[in-house]
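Protein chains: 2
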Amino acid sequence: MTRSWWGWGDLEEALTAEETEALVARTAAFLPAHDFTDHAPPSPDDLPVPPSRLRPPAALARLCSTDPADRLSHARGKAFRDVVRNLEGRVEAVPDVVARPESEQDVLDLLHWCSTGGTPVIPYGGGSSVVGGIEPRFPAPAVSLDLGRLDQVVEIDRTSRAARIQAGVYGPALENQLRPHGLTLRHYPQSFTHSTLGGWLATRAGGHFATLATHIDDLVESLRVVTPAGVSESRRLPGSGAGPSPDRMFLGSEGTLGVITEAWMRLQERPQWQVKASISFARYSDAVRATRAIAQSGLYPANCRLLDAAEAFLNTGVQADGLLLLAFESADHPVDAWLDRALELTADHGGTVTARRGESGSAWRSAFLRMPYQRDALARRSMVVETFETACTWDAFESLHEAVTTAANAAIAEICGAGVVTCRFTHVYPDGPAPYYGIYATGRWGSTVAQWDELKTAVSEAILANGGTITHHHSVGRDHRPWYDRQRPDPFAAALSAAKDALDPAGILNPGVLLR
Amino acid sequence: MTRSWWGWGDLEEALTAEETEALVARTAAFLPAHDFTDHAPPSPDDLPVPPSRLRPPAALARLCSTDPADRLSHARGKAFRDVVRNLEGRVEAVPDVVARPESEQDVLDLLHWCSTGGTPVIPYGGGSSVVGGIEPRFPAPAVSLDLGRLDQVVEIDRTSRAARIQAGVYGPALENQLRPHGLTLRHYPQSFTHSTLGGWLATRAGGHFATLATHIDDLVESLRVVTPAGVSESRRLPGSGAGPSPDRMFLGSEGTLGVITEAWMRLQERPQWQVKASISFARYSDAVRATRAIAQSGLYPANCRLLDAAEAFLNTGVQADGLLLLAFESADHPVDAWLDRALELTADHGGTVTARRGESGSAWRSAFLRMPYQRDALARRSMVVETFETACTWDAFESLHEAVTTAANAAIAEICGAGVVTCRFTHVYPDGPAPYYGIYATGRWGSTVAQWDELKTAVSEAILANGGTITHHHSVGRDHRPWYDRQRPDPFAAALSAAKDALDPAGILNPGVLLR
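Which chain is which? The protein sequence lines are H and S, in order.
Everything in the first sequence is counted per this note's numbering, starting at 1 for the first residue and increasing by one.
Everything in the second sequence is counted per this note's numbering, starting at 1 for the first residue and increasing by one.
Next up, chain H with everything else stripped away, as it sits in the complex (with noise of 0.2 Å):
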C-alpha cells in the first residue's frame, strides 16, 4: 500500500472513478448548482518544502530524515483543512527532522538532544490527526518524533487477556499479532488502518463500542511513558484507589507531558455471537426516546447508531426521521435476549424493525472506513465536507442539537450558500449521547479552507455555549485550543500546566497543542 501524501489513508484504497462518478452525481442531487470540478493534487516534488534547519548528532543521525518528501508527510494531519492546504500546494510549517526511534532509550536520547537546544518535538503515530495535533505551527525547527518503528506485541498475558504492546503499531498490524492468540483489542476508531495504539492513547479515541469501554481510557491497565524528566511506568492493576490515576493524567495528554510508548491493554474474545437490527421511526424525538431508554437499561449494546434523517438517506437509502442501528454481541453466550428487550423499548417508543441480522457489520464497517476517502474526492471538488462531534447530556442535547443544526445552516447559507448537516451518535451513555456532525456544503475553489473555519467557529460557539464538550473523540489538538481553553476549569489549567513544566522542563514537547 502507497501512502498518500496530501490526503486520507493509502493511494490504493482512493474511490475508483466509478465510485467518485456515483458519488458526484448523488451530491449533484442535493446540490445542483455546486461546480464539481475536479482539482488534481500537486506532485509533492514541486513543492517548496524548506531545507532542514536542524543538524542530528552524529550518534542519532541514523535515527533522522531530512528528506523533503519524508519531512512533508510530516508536517499535517488529515482534516478537511490538512487537505485542501495540500491540494492547494500550499506549504507551510514543516519538521525540520523526522526521527524514528527503535528503542525506548532511543527515545530518551532524542528527547535529551531536544532538550538541550530547546527544540520543539511533536510526537508522531499514524498522521491522521484532524485536530491540528502534529503541525508545527510555530516558527522554531521542529522533530516529528514518529513512533512506527516500535510496532510489537512484547508480551501477551492470556489468563487475565491483556497484552503488552509498543506504542508505534497500527492497527491491523496490532490485530494480526494478537489473532493467533484467539485475542483482539476489537478498538475500530474510524482511523483503524492509519492510526497507532500510541495516537489513541494520547487522545482518548473512541473506539466500537457504543457503550462502556467507548474511549480507549478503559481498556489501559497500565502505561509506559518516556518524559523529559525520566520514564514514568504505572502498575499493571485491573483497578487501583491509591491516590489519582497516573494513567488518566497521560491519557489525553496528546504529546504534551510525553511519549507514550508502551502499554498492558485489556484485551477481548473473538465474539461468537453477534446479533443486529435496524430500527426506523417516523419521529426524530422518538428516536432519541427510545435511544436514551436503551443506554439506560444496563443493556449496553455493542453499537447503538441513531442515525438522523439526511445521514440515513446518504448512508444506507433509507427514509426515516430516525434510523437506529443496533447490535450486541459476546464471545461468551448468545446475546437473543439483550436484543429481544432492546427491540421492547423501541417499539415502546414508536419504533419499527426494518431488519433483523440482515446488514451487514462488514458491510457499515467498510462503508465507516471508506468516509474519509468520500471526502476527499469531494474536498478536490470544492466542496466543504468535514465532521464535528461533542457530548452532552440528554436533558441538554434537544436544546443542543437545534442550536447547532440552526448555526451550521444559517452559516452555511451565509458562508457558502448551499448544503446540509447530518447527525448520528457514535456513542452513548446512560446520562447522554455522543453526537456526530457531518457538513457537506457548496464551496468556492480556494477559500474552502477559510469557509470551513468560518463554519467550525459557528458550531463550536454552539456546542460551548449548550454544554456540549468541544471533543468527545476527536482531541483538543491546536484547532479546538480556542474552545478547550475556556471549556477546561481555570485551576485545572493551572495544575496541568506546572505538571507539564515538571515533566517537560525545556517546554519541548508539543508546543501549542492543550497548553502553551
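Just so you know, the hints here were simulated from the structure itself, not pulled from any lab data.
Do not rely on the hints blindly, as some may be mistaken.
[Stated by the list, open to error] Now the stretches of chain H that chain S is said to cover, found in silico as 3 or more residues with beta-carbon under 8 Å: (1) 230 to 236; (2) 474 to 487.
[Unchecked claim] In silico contact screen, one side only, chain H against chain S (beta carbon under 7 Å); selected entries: (3) D157; (4) T227; (5) M249; (6) R341.
Cβ coordinates follow ideal geometry from the N, Cα and C atoms, glycine included.
Following the hints, put chain S in place on chain H, whose structure we already have.
Structure of chain S alone, referenced to chain H:
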C-alpha cells in the same frame, strides 16, 4: 443516634451483650488460649485534650468550635489502630479547631484564613478513614474542615438520571433525598452510614457493584472543588476526550488538592429484578477460575463475592473451600438469563449451587454493615482484628495470595502466637480480582497497635512484591504512604507535586497525605 467517640458508628448499633457473648464464643473456639477480658473505653471527659492553639477571626467564629470533645472526635479515623488508641486513652495530635462551613463561600473564607497563616487544613467528611487520612499527624496547629452542613441534593435531572449534590451529605441522608424521585446512587461502601459523598470522591471509594462501576469514579459527571487558587468546576458531560480528565485529577486526591464541595452524580433507577445464588466449590482454585470466567463473560453481575473457606465459615456457616455469592439486578428487565449463564460457568468449574434466591441480600448487607462493630468488640478484648485489601491481575493472583497469606501467617505466629487470615473478593474485573483480607489474631493488651503495625508491614511488603496495589478502595492516607511512594511512578509524583503547588501554594491541604 449517638456517634461513638472511640469506635465505629453509633452507640445504639453496637453489639448487644448477647451478640458479644456469641461472638466471643465463636472466636474462642479457634483461639482457646486467648484472654478475652473486656477493656471498656475511658470517658472522653477524663482525657487530657490540649487547649486549642488557634483563634479564628471574628467573621469565621460562628463556624468554628474549639470544644475539646468536638476536637477529640475529629482527631482520628476508625481504623483498628485508631480505635485501640482511643480505648487506651492515648491522646496524641488533636485538631485545634473544628470548622463547619455552611456555604461554599465559607469554605473559601476558611481556606483563605488558613492559607494566610500557613495553618494545615484537613477536609473531613464522615471521619471513617481507615488509613489515617484525617489525623493531624504533625506538630503544627490544625483545622478539621467538617463538611457535614453541606448536605443537600440541590438539583435533579430526571432525564439524564443525575443530581447535583453537596459533598457533606451522609449516605442515608443522600438516599432519603433521592428516594422520592425514584432514583438512587446505589453506592454502598461498608462505611455507607458514617461517610459522605465528598469522602467517597476524595478517596475513590469502592461501592455496591462488584463489576463495571466498582469505584465511585465512574459515577461522576462533574466536580466542583474549592482550592486556595480558586474554584474548579468541570462541565457536566457523559463522556469527553478534551485533554486529560480534570475530574480524574481530583478523584483520589484525598483532600490534598482542594475541597470537593459539590458533584453532579450519575444515578440509577431502583432495581425491580434481583436474582441471587450461592455456589460452593470443593477446591478454592476452581472457585477462582469460575469467578474469573464470570468476570470475563460480559455478564456483569452486581455482586460476585468469592469467600475462602475461613470467610465462608465465619460469615455464613457454610463449609466449602470456596463460596461464591452471585447476584444480578436490573431496573429494566428480568435477569434470570444472566444468572442461568453464570451458573453454567460455575458448573463448568465444579461449582454446586447451594442456594438460589435463598440468601437474602438485606441479611448479607446488614451483616456486612455490622462487621466493624464486631471488630471493635474484639479490639476491646485484646484481639488484633483488621482488614487490608488490594487488587492484582489474574495471572498474579495465585502467587500474590500465597505470598500474602504466608507472610500474614508467619507474622501472626511470630508476633501474636495464634490467629487466622481470611480472604474474599470484593470486586472483580476482566483482568483481575480485588482480594480483601481479614486478620483475627491474639494480642496482648497495650501492645495490639504495635502488633498490628508489624503485621501490616509484613503483608504490605508481600502485596508490593507480588504485583498488587497498596489499596484498591481504602485509599492511601498516612498509613499507606511508605508503600504508595514506592508504587507510584516517580515522574507522576513530581507532576502531582507540581500540580499541588499550583493549587495550594501555601501547602496547607492535608499535609502528609499522598504528598509532603
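Right, here's what the structure says about each hint:
With a threshold of 8 Å between beta carbons, the proposed coverage of the segment 230 to 236 of chain H by chain S holds, since 7 of its residues qualify and at least three are required. By the rule of at least three residues with a Cβ nearer than 8 Å to a Cβ of chain S, the coverage given for the segment 474 to 487 of chain H holds, with 6 such residues. Interface hint at H/D157: satisfied, since its Cβ lies 5 Å from the closest Cβ of chain S, which is below the 7 Å cut-off. With its C-beta approaching chain S no nearer than about 5 Å, H/T227 sits inside the 7 Å limit, and its interface hint holds.
The restraint placing H/M249 at the interface with chain S holds, with a minimum CB-CB distance near 5 Å, inside the 7 Å limit. Interface hint status for H/R341: upheld, as the beta-carbon distance to the closest one in chain S is roughly 5 Å, under 7 Å.
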